[in-house]
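Participant: Sequence:
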Amino acid sequence: MSLFRHPTTPKTAAEYAKTKSPLLAIHLTILENQPELVLLGICLPHTIVDASGFGMVVEALGKELKGEEWEAPPFPIDPELNFLEEALEEEISKLEKLERTPNSEEGIPRDFAVASFWGKVFLVFHLLVEYFWWEAETKNLFLGEDVVREIVEPVKREVKEMSEGREFVSTGDVLLAWVLKSAYANDSSQNSIASTSVFSLRPLLPSLPLYPHNALGLFSLPHIPIYSLSTTPLSILALTHRRSLLSARHPSTLALIKSGRLSGDLIPKRTWGYDNWHFSNQSKAGITKFEGLGRVVGYFSHTVPFAMPHTVLFTELERGVMILGSMRRSRWETLARVLDGY
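Each residue of the sequence shown is one higher than the one before, counting from 1042 in my numbering.
Keep in mind that the hints were calculated from the coordinates and are not lab data. Careful: at least some of the hints might be erroneous.
Per label pair, the in silico range of CB-to-CB distance [as the list claims (entries may be wrong)]:
1. Thr1060 with Ala1154: 28 to 38 Å
2. Gly1382 with Lys1061: 48 to 58 Å
3. Gly1108 with Trp1313: 51 to 61 Å
This structure is a prediction, so every number in the text was calculated from the model and none was measured. Glycine included, each C-beta is placed from N, C-alpha and C at the ideal position.
Assemble the whole structure, with the sequences as input and the hints as a guide.
Facilitator: See the structure below:
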């Protein structure tokens, strides 16, 4: 990591504020014995910028290095001005006569709760159990483009045929379903899975095409009994995720966000009898937009001392997808065994 990130680069929002460090840190390393090889690392605090905002930086830097023009995100002259707040107000004002679709309540993140003292205590207890009893580990798993194709394409065909072309699933939907189904391949637990995913608000806010800061929402899948995973096709799991996303990506969701119901001081809710998972597709970060400047070998690496157990990030690279996350050691081992079958 030291080849891509200077040791003085802050790791927390408090460190950024205390040191008054620039939010963007670009670190170059030229190897003495291989001067033709240049390593480039980009660091941005997630408290300020989400994956889409990170992608804007990556794309701009790539264009600058190739001598191409690029457009900078808008910068508010008034420090009190909040582009996201204004965009929310603008879109909500159009919703006076709009009613929620019948299934849209499925998109509300039932597996998060407003932070409370006892909620935080129980969350810390859960972390200790996962790391010290179940030996949770933060690792990564790379799926080459051939493997991704072998996993994804049959599922996409099946969904298209099953819905007669009316519905579709993305690569991200399928890979999320694959991780859940594969991680429990040898599990007969009576628990259920409570899975929450992150989605970008930008498709709902057309006035924010270049907004680089966090503009995210959360949505939950219906709870899934673990014993049913072995007999549930990947296509059904992927389609469930897609339908939940579409349900959450509804204009009236903005009103819930504005009211604080889907934002603010939320923490993952922990309930006995449930395995809580959290997914985020980081492909919007646009790492592959460095195309033509050399081979991309990096991926998202968070600098927090530990990751929330069963938190999984998907990052698209030049020749496949990197899965980065934290989960029980036994589940990493099960994933690796399933992957060996491809």
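Participant: Look at each hint and say if it fits the structure.
Facilitator: Against the structure, the hints:
{"no.": "1", "hint": "Thr1060 with Ala1154: 28 to 38 Å", "in the structure": "holds (33 Å)"}
{"no.": "2", "hint": "Gly1382 with Lys1061: 48 to 58 Å", "in the structure": "holds (52 Å)"}
{"no.": "3", "hint": "Gly1108 with Trp1313: 51 to 61 Å", "in the structure": "holds (58 Å)"}
In terms of the numbered hints stated before, the structure departs from none.
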